[in-house]
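**Student:** What follows is the residue order along each chain.
Protein chains: 2
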Amino acid sequence: MSAYFKMIGPKRVVIDHVSPQIRGGESPFKRALGDRVHFRAHVYADSHDLIAVELQLRRAGPGPWHQLPMRAEGNDEFVVDYDPPEIGLYEYRVSGHIDHYLTWQEGFQAKLKAGQAVDLDLRIGAELLTEAAARTTGRAAVQLRKWASVMGDSEAPSEQRNRLALDASVIKAARAHPRLEFATTTSIALMLVERERATFSTWYEYFPRSCSDDERRHGTFTDAARRLPEIKRMGFNVVYFPPIHPIGRLHRKGRNNALVTQVDDVGSPWAVGAAEGGHKAVHPELGTLADFKGFLAEAGRYDIEVALDIAFQCAPDHPWVTEHPGWFKWRPDGTVQYAENPPKKYQDILPLDFECDDWEALWFELKSVFTFWIEQGVKIFRVDNPHTKSIEFWRWCILEIKKDHPEVIFLAEAFTRPKRKYGLAKAGFTHGYTYFTWRNTADQMRLYIEELTGSEARDYFWPNFWPNTPDILHEDLQNGNRATFIGRYVLAATLSSNIGIYGPAYEVLENKPYPGKEEYIDNEKYQLRAWDWNRRGHIKEEIARINRIRNEHPAFQRTFNIKFIATDNAHLIAYIKQNFNRTDQFIVVVNMDWNTRHYGTLQVPAEVLGFPVESKYRIKDLLDPDGREYVWRGGANYVDVTPAKSPAHIFQVLR
Amino acid sequence: MSAYFKMIGPKRVVIDHVSPQIRGGESPFKRALGDRVHFRAHVYADSHDLIAVELQLRRAGPGPWHQLPMRAEGNDEFVVDYDPPEIGLYEYRVSGHIDHYLTWQEGFQAKLKAGQAVDLDLRIGAELLTEAAARTTGRAAVQLRKWASVMGDSEAPSEQRNRLALDASVIKAARAHPRLEFATTTSIALMLVERERATFSTWYEYFPRSCSDDERRHGTFTDAARRLPEIKRMGFNVVYFPPIHPIGRLHRKGRNNALVTQVDDVGSPWAVGAAEGGHKAVHPELGTLADFKGFLAEAGRYDIEVALDIAFQCAPDHPWVTEHPGWFKWRPDGTVQYAENPPKKYQDILPLDFECDDWEALWFELKSVFTFWIEQGVKIFRVDNPHTKSIEFWRWCILEIKKDHPEVIFLAEAFTRPKRKYGLAKAGFTHGYTYFTWRNTADQMRLYIEELTGSEARDYFWPNFWPNTPDILHEDLQNGNRATFIGRYVLAATLSSNIGIYGPAYEVLENKPYPGKEEYIDNEKYQLRAWDWNRRGHIKEEIARINRIRNEHPAFQRTFNIKFIATDNAHLIAYIKQNFNRTDQFIVVVNMDWNTRHYGTLQVPAEVLGFPVESKYRIKDLLDPDGREYVWRGGANYVDVTPAKSPAHIFQVLR
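Respectively, the protein sequence lines represent chains A and B.
Under my numbering, the first residue of the first sequence carries the number 1, and numbering increases by one thereafter.
Under my numbering, the first residue of the second sequence carries the number 1, and numbering increases by one thereafter.
It should be emphasised that the hints constitute simulated quantities derived from the structure, not laboratory data.
Note that the structure is predicted; figures quoted are calculated from it, not measured.
One thing to keep in mind: the hints can contain errors.
Any copy will do: because identical chains look the same in the list, a pair fits if it lies in one copy or spans two.
To be verified - Simulated crosslink set (DSSO-like; lysine-lysine; CA at most 30 angstroms straight-line): (1) Lys-329 / Lys-345; (2) Lys-113 / Lys-616; (3) Lys-172 / Lys-419; (4) Lys-113 / Lys-645; (5) Lys-563 / Lys-517; (6) Lys-563 / Lys-344; (7) Lys-403 / Lys-344; (8) Lys-111 / Lys-517; (9) Lys-172 / Lys-329.
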């Protein structure tokens, strides 16, 4: 007889369609702490016996299971709602068994009601109690046996016997010790419960080295800290730095990605590692590790967290190259082919070889880079090009780290094909960059948001919307005006609860491209910049206003609570955002034709707002400095958006 | 380091969403021999290396894998079509690995085209060839090494080296010995390939004991064989007998389910087992085992197969009760509670206890019942109330039998809740009874068929439609007329490729109910009947005509090739049936108000028929003895259905 036969043989309960569940439970589904989790499973058995079904949960690891009875909802579906008590990686599974005692008890009750003889039934019930007693010890066993001896005694007074059979505490005690030998239990599945800032964050990326306000002086963490009050005033709660490690000297890149450097060229921060150290060292020109920790502390005073950029690649003079040559793929001429992410070529960095013989040591060292920075106080990492590294490595690395440090957030910088992006999310990345930048009409944007929020992906892929990055200056911005910058920020900020900009380029409307490319010219990636942080026309007040709306309104602190509103003008995109209990509701309208006034009617589904179809309600434009109010009603409502004044309305629904 | 880490560590290819696949492959999906299977998987790796993906298949068991390369279809989806060569239970899985050689070769080609230096590349290619040689032996290894020595020799003529690098046979040989150490392979999944009669069958159920034409003489297999020519003439290809085993005498049921028997009462065939034997014996009054085999042979001459009814339950005098008392659940008073399938009570049978200590022996004995009858020549079983027996038992029993006898067909008689019905199909049952009987309006019927054919269920649940059974005489028939019987048969016969009737009750329009029940009065389940096989008003000619249409037209030999047609009359149901390549197409229209003429317009989607929207085409009513033809066109077409003449049209589309 096969082991399989032995294993499944006597089971009578079948469990199917456990949800939520990603890849059969192998990948975690995600929820934010504070959000209720709705579990569901299809469970049935043969015959007409009753079944008991429970959800079993625990923090990942070998601990005991927390047991939650699942409620029959009809049609063989069982459900339970769960409020995770804390963040972390959880394991869960569903277990079902035949509820012999309850099956017996219901049969007994029916016979008693029908006035039939029940002596035999009581004797069977007594047998079940005796069996339950054998499955436990101590006082519980003694009590069960005592009940059994009375219930099974045909000579005992029938009222006493019946009373025991109907007694809720007897039923409870008997059911607490069921025959579990034949129970069916699903394989273990994973759930990640994330903290609030994982589901609601507003990032500000900047280069500390450009914070000296002098293009000839390398900025430091101390210089960067001087920007914090202004960043706080604009309403951001995460600042993110490009890699802060020593920058390689070999094959260093010059200004504008030049292959030949000038003597004062500072190189790309993504060319990690030099004589001064690698991924656990700090670039001396930025300061010391102590200076960095000082910056962390200073940011903490503003309730701003710091995200570090982890780029697993090495400048040719990174210490690993000599200390661990086995981690690289050497060619017959004794060189390593530089890294590429087509069409981009990174002549200044060497890729790691995830298939090398020494891969285990490599993996552990890479994981230790994260734990090193976690020990310094960093809780957020932006990971550079994760899709050019083994996805199974990420799965292992992130889930291992999450076990000890569930508060850590990982943002995947993977601009790659959809399945691979989603694959990284399934591997555990908290956030992923998106195609937001390349959705430039109302229709494209709506379809993309519907994919992100309406498909299975919502259970694992949490988008992070960026109107710009040091790598990406979209044509829309290159050719755009002030309204473009404000409008794209409104879109990001109201469509996704996690967003970010690369500043000060964004708020000062920097948009000069490297000719023919989707990139900035004189890019900070390769040189120091001295910014006029208050350049004429800047949109800092608008960003501050938009971020204040986000910070004050839970409707914008989740991504998936969105409903689109039909419009009769193809340039207008409109949607409802609301919190779970609809105490905080907004209607957002953006005119995506940044140069032209557009108006039209919105078909607002009043029932989504929780209003009777024909009722009137007030709305107030919180983006409008004058806070104008309007009276709307169910059905068609008129809107008018003039980009020269403001490319969007953010109407709060006042009721 | 955990075993898990060791196992998944070095893999770089990710495989997801393999389809078709039921319950992660644990349950087989079904296909008919001759129908192409379309496999699909999402497969991707990190970085920009090319990957090779293959489907691996084999007949279930430890044999070698048959390997089929999967084709990249874009968007990280890989596909392959497969024509199973024979029926049986198959195992399949998807495997993917980095295609190092092809990745190198494409890079080489690009460099060569761009006129760049390729000496270093050729030396790398030579290394890859050497590695491939190390993974094989004999002439292949020698050849690979020979190529490597030329390709890697910087002194060799560059034309010769380049030619080798571009040579298709070198590429093929190198790719044939890839580095599989890091390959990703999914867990094994199951597929059932069924024979033609599993997907297209027309059943005629009758009681051999009622074939003597004399209510006082018990009919025999020989009597039953005399009905075969007529059954053949009506176009059936399966005859199905209720259980043919000795019938219990203890607690035998009387006529009309009476609890007290008269001396000449014959009892229910489902009360299996008596002194003469159990599930492997033949009821002496029907004949001997030899007689039964004679009947099988006779049926075979008409190309009619014989289905047996297997009911795993025991009359109290079944030999198992004394030989294997451990297979029953004994109560404190030394009795066994009789079987029930609420609201039905079976006082004449005892259920088996699938949770008994001796369950392994019980399971093997039950399986041996099937193999015993298979050895006698039976290939089709109708299983009585399978949902009151362990579903895991069925899964094991059916899949084990299928390994040796893939031709065997199992019909599940489970009138139970949907998930349990589907659960039995996933456990391996070939066919299942359905709710067809209880869908009595056009709308109900359409919704039900859409569920069966449009959901995931189509991959495992193959319906078998029965307008009546000895257990079920629906009100629609009780109150019906001749058109009802013809109309319900047309519906069954054109909506499902597997159907059956209980005769001669059906074709002679028997519809007298037991008062207040959905059952026949004077039911053959409890007594002998002498039928007038040619009772006035019978519909044998209509049945023969409908079955001839089914037998001659592949459009009706599959269930899932259906498209509904919108009508403007709620009593009319209309649909297109077509074979896969649309060489055989029908439009069926049924008026489900059996007493009243109805007419209306059908919106026929010409594109489904493969016609330009406005083209004309001829149709011919094959149900009409005069075979009237009409000219239709895309869009609205008029139909008129007068039940008094015929409740349906079966229009062949002639083009």
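**Student:** Next step is simple, just say for each hint if it's right about the structure.
**Tutor:** Now for the hints, and whether the structure bears them out:
{"no.": "1", "hint": "Lys-329 / Lys-345", "verdict": "within (17 angstroms within a copy, 75 angstroms between copies)"}
{"no.": "2", "hint": "Lys-113 / Lys-616", "verdict": "neither (56 angstroms within a copy, 69 angstroms between copies)"}
{"no.": "3", "hint": "Lys-172 / Lys-419", "verdict": "between (49 angstroms within a copy, 29 angstroms between copies)"}
{"no.": "4", "hint": "Lys-113 / Lys-645", "verdict": "neither (77 angstroms within a copy, 54 angstroms between copies)"}
{"no.": "5", "hint": "Lys-563 / Lys-517", "verdict": "neither (35 angstroms within a copy, 51 angstroms between copies)"}
{"no.": "6", "hint": "Lys-563 / Lys-344", "verdict": "neither (38 angstroms within a copy, 50 angstroms between copies)"}
{"no.": "7", "hint": "Lys-403 / Lys-344", "verdict": "neither (35 angstroms within a copy, 54 angstroms between copies)"}
{"no.": "8", "hint": "Lys-111 / Lys-517", "verdict": "between (83 angstroms within a copy, 24 angstroms between copies)"}
{"no.": "9", "hint": "Lys-172 / Lys-329", "verdict": "between (65 angstroms within a copy, 24 angstroms between copies)"}
In terms of the numbered hints stated before, the structure departs from hints 2, 4, 5, 6 and 7, listed from lowest to highest.
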